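Residue numbers (my numbering), protein chains in the order written: chain A, 1 to 275; chain B, 1 to 275; chain C, 1 to 275; chain D, 1 to 275.
Just so you know, these hints were derived from the structure itself, not from any lab.
Wrong hints could be hidden among the right ones.
Identical copies look the same in the list; a pair holds intra-copy or inter-copy alike.
[Said to hold, decoys possible] Cross-link-like lysine to any residue pairs, in silico, SDA-like; alpha carbons within 20 Å at most: (1) Lys270 with Ile229; (2) Lys268 with Val241; (3) Lys268 with Thr232; (4) Lys102 with Asp262; (5) Lys102 with Cys122; (6) Lys80 with Gln152; (7) Lys23 with Gly12; (8) Lys245 with Ser193; (9) Lys174 with Gln60.
Note that the coordinates shown come from a computational prediction; the quantities given were computed from them, not determined experimentally.
What follows is the residue order along each chain.
Number of protein chains: 4
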Amino acid sequence: MVLLIQCIDQVGLVAAIAAILAKDGINIVSMREFVDTADNRFFARVVLAGEMDSASLLTQLTARLPANAAINLVTSNEKKLILLVTKEYHCLGDLLIRHHFKTLGAGIQCVIGNRNTLQDICRRFDIPFHFQTHEAMEKPAFESALLHIIQQYNADYLVLAKFMRILSDGFVAKFPNRLINIHHSFLPAFTGSSPYRQAFDRGVKLIGATAHFVTNELDEGPIISQQIIPVTHSFTTLDMVHSGKEIETAVLARALQLVIEDRVLVYKNKTIVFD
Amino acid sequence: MVLLIQCIDQVGLVAAIAAILAKDGINIVSMREFVDTADNRFFARVVLAGEMDSASLLTQLTARLPANAAINLVTSNEKKLILLVTKEYHCLGDLLIRHHFKTLGAGIQCVIGNRNTLQDICRRFDIPFHFQTHEAMEKPAFESALLHIIQQYNADYLVLAKFMRILSDGFVAKFPNRLINIHHSFLPAFTGSSPYRQAFDRGVKLIGATAHFVTNELDEGPIISQQIIPVTHSFTTLDMVHSGKEIETAVLARALQLVIEDRVLVYKNKTIVFD
Amino acid sequence: MVLLIQCIDQVGLVAAIAAILAKDGINIVSMREFVDTADNRFFARVVLAGEMDSASLLTQLTARLPANAAINLVTSNEKKLILLVTKEYHCLGDLLIRHHFKTLGAGIQCVIGNRNTLQDICRRFDIPFHFQTHEAMEKPAFESALLHIIQQYNADYLVLAKFMRILSDGFVAKFPNRLINIHHSFLPAFTGSSPYRQAFDRGVKLIGATAHFVTNELDEGPIISQQIIPVTHSFTTLDMVHSGKEIETAVLARALQLVIEDRVLVYKNKTIVFD
Amino acid sequence: MVLLIQCIDQVGLVAAIAAILAKDGINIVSMREFVDTADNRFFARVVLAGEMDSASLLTQLTARLPANAAINLVTSNEKKLILLVTKEYHCLGDLLIRHHFKTLGAGIQCVIGNRNTLQDICRRFDIPFHFQTHEAMEKPAFESALLHIIQQYNADYLVLAKFMRILSDGFVAKFPNRLINIHHSFLPAFTGSSPYRQAFDRGVKLIGATAHFVTNELDEGPIISQQIIPVTHSFTTLDMVHSGKEIETAVLARALQLVIEDRVLVYKNKTIVFD
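Given these sequences and hints, build the entire structure.
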């Protein structure tokens with residue numbers, strides 16, 4: 001059981017939380033906390049063990065913690081994901097393999113593609129694939145169709161695993177802190193389209209990938225994970241694309257692991273990651 | 001003020017510690033704890049703020065924590081270091097620069113060299129340099145001479161900053177968890193002498209450096225920090241030596257920072273590093 | 001077309017090779033050379049473009065280069081691989097995905113497992129799987145059975161993609177520089193079995209993976225590629241296993257890419273990698 | 001002796017260069033070439049050994065290579081540097097140590113500071129320090145004063161080793177490909193002032209440093225070297241500043257090594273780095 005807390009900071013919060021847990025005989029397996037002193041904000045992640053009355057625990061914590069504290073006692077139910085894809089296979093393939101061998105730590109409910117390129121690979125893994133073209137449609141109609149599919153499932157997170165359409169503010173607003181994207185640059189460098197082309201033109205000596213929650217500002221949402229790899233003058237744009245896929249795959253997998261294990265809290269436009 | 005605790009694990013330790021601090025109105029700026037479940041051992045580092053009666057705090061903690069708990073309330077006094085060197089300048093130069101500009105976080109009491117090569121650079125920084133040759137001496141006499149110098153100062157740590165003599169068990173035993181070495185390989189690969197020659201002969205694709213506490217087992221003490229850099233077939237042994245100096249310098253600086261900031265606990269042959 | 005050359009070094013080799021190519025109107029797309037000055041040995045990799053008479057080119061090169069030069073003019077035929085596995089899926093899954101989407105750059109002829117755990121995933125990708133148990137068999141009989149399967153195909157390389165049996169010297173000798181293994185440590189640290197357990201016991205701050213050609217010395221063959229990732233005191237052996245799988249997968253994929261693209265030359269117990 | 005060549009690409013350039021060298025009995029110790037196929041441009045770096053008539057060699061190369069080829073036969077004279085600094089010591093300190101122990105591979109002619117903070121450390125290393133304030137001066141007068149100092153020396157490169165003034169286009173234009181800056185971000189992210197503040201505000205999970213040639217576009221010149229280090233939510237802006245200094249120091253040292261060893265060619269807004 002994982003307990004996530006976010007609230008205004010006060011003296012004695014750790015002691016108060018620990019005391020409530022101790023009183024009920026709940027053992028603290030591990031505890032991580034962080035205080036954003038500039039914003040006077042407290043964040044904690046506590047892994048609990050032992051028998052517990054969840055409702056009672058929440059009541060006691062709510063009574064003791066500052067008003068408006070966000071308290072989340074995460075049960076061990078498996079997280080559920082919906083993946084949105086276009087044509088590139090590398091992130092999807094990696095996630096399907098992990099899912100198939102039960103190391104993803106989450107269930108893939110279905111995959112939605114605005115191309116049907118990746119239908120076959122989903123079929124091979126017995127994962128439902130919904131082909132929903134964006135062509136010959138206005139964006140509102142396309143997004144309504146997506147939502148219609150999404151609503152058939154009960155997903156915790158939507159993962160844009162190389163989904164090459166920009167979603168509207170209205171769509172994004174339906175999934176606050178639940179919509180995760182992999183962007184193929186070390187943000188904030190090279191926002192928008194063709195980041196590898198931009199990287200090539202700039203002559204950088206490293207390229208990167210960034211997994212982030214999606215907000216209404218394109219490529220500006222809270223960053224969960226980032227990695228880079230070195231490149232040289234001999235890399236063409238296509239070489240960067242190929243090498244970049246390796247870290248896109250790794251960064252998205254890492255970000256999902258952090259999210260699935262309830263290690264990520266969001267505050268304003270940043271993440272607190274208890275890894 | 002930093003509070004370091006190491007003891008047998010029990011249910012409720014975090015709560016107990018936090019309660020004692022809260023009762024005295026001491027604020028927890030940050031708290032990190034770790035339980036070695038295999039060995040049933042509890043480790044914590046707590047950064048405290050506010051007025052406090054240190055003696056009272058220690059008494060309360062001692063009374064509440066398990067028997068034989070190691071409780072260390074570190075005052076803010078600057079740590080004192082003695083550096084031991086031979087001929088290579090890179091680690092020493094880096095530490096002298098940091099010390100000179102007051103970012104080392106510790107005072108360099110003196111430098112002891114078994115060669116006089118580095119006397120001049122110490123003089124330029126107004127740091128006492130003691131030249132103590134090992135030549136034409138038995139090891140016991142050499143070490144007695146070293147100890148005679150060391151005893152003139154009140155050092156918290158001895159740092160072997162590229163000191164190319166092997167110290168006896170008896171010498172090492174005088175400085176438990178206080179003697180820090182930088183070894184020029186990613187231990188446990190390439191223990192002993194000429195690790196870069198060994199790395200060249202083996203054809204590795206990466207070389208490394210390891211900072212560790214010294215124990216009676218050569219190159220076997222608790223590891224504090226390690227880093228590697230890639231190498232290629234085109235590296236000669238000398239190229240590896242040159243590139244390796246960069247990470248030796250970085251790794252020793254990093255390890256000292258961790259130690260100086262009281263972020264390192266030692267248990268058996270391992271370190272717990274709250275970075 | 002890729003031209004690989006390995007021979008005794010002489011003054012004028014680059015000029016001689018370039019002149020032969022220029023005379024026949026063959027363009028040098030890229031050229032990499034390396035001289036091992038200690039061993040007086042010359043290595044080159046030249047990417048060629050344009051119409052060429054391969055036989056004539058080889059004749060001219062052989063006539064001009066030192067005696068016993070190893071000259072290899074690689075045609076563009078796709079390399080063929082056989083994968084040997086036991087139970088762990090991560091390397092195999094990654095290679096199957098790359099193969100399926102035609103970015104492996106090689107054909108997977110079949111997979112041989114000494115367990116049948118991974119039969120199902122191969123079936124899903126329409127890759128022949130041969131289950132050959134090692135149980136209740138002497139090693140010679142087991143290896144004969146393996147060879148019987150291998151001889152049904154025409155493989156350029158055998159890849160031990162987490163194959164947990166040690167092969168005999170006689171078996172290994174049949175595939176010089178054609179047998180590739182992924183070892184789950186940064187060799188030469190932690191040879192042999194349970195390297196993550198060894199790493200945990202030693203308290204290292206980084207763990208690694210090494211892809212290498214297999215020779216008769218266990219874990220001592222020429223290293224192709226290595227990577228590491230940082231770990232902390234909080235990693236259990238199992239955590240290291242899980243994190244290690246990520247770099248095992250990456251390192252084996254990288255090593256195979258280098259081999260498949262004819263970027264790796266072997267000399268004595270080392271590789272020259274023109275990446 | 002190092003030969004650097006940059007020209008329009010043609011079939012047979014490597015053969016032609018190698019033939020000229022072979023004819024004169026000059027040995028090729030190593031040769032690296034790169035063809036920018038998009039721009040049809042050829043770059044080469046050749047390390048030569050043996051007796052040679054430089055003038056004759058240049059004449060032959062000029063006659064054979066395409067018109068307007070840039071041919072640079074670098075003699076082994078030590079490069080000369082002038083360092084410009086403000087108040088931060090870390091890059092300067094590192095370079096002074098390397099210079100003092102003769103591993104910089106270049107001579108530091110003098111240091112110019114627009115503050116006098118770093119005068120003392122230069123004095124300790126017997127390096128001339130020129131204090132030239134920018135206060136109470138218009139930029140043209142300030143830059144004239146700088147130029148007056150610079151002209152007293154015969155420097156190959158000007159190094160902005162944490163020089164916190166923006167130089168005018170006119171000043172920059174006097175030192176094409178000879179003016180090197182260290183910028184404290186992974187460009188093109190966070191151009192301009194306070195990149196660590198920008199990085200903190202954006203919530204990135206890595207910070208970086210970039211060494212580049214200075215052109216008239218602020219922070220837009222050809223990149224020589226870049227590195228990053230990971231950061232977490234717990235880093236304040238000041239923590240990023242402190243950690244960032246480590247990679248600023250490393251990246252500038254690396255870039256200078258590449259430049260000093262004649263491994264960097266510039267074409268348009270990019271570098272070709274034969275490392």
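### Query
Can you name, in rising order, the numbers of the hints this structure does not satisfy?
The structure conflicts with hints 2, 9, although it agrees with all the remaining ones.
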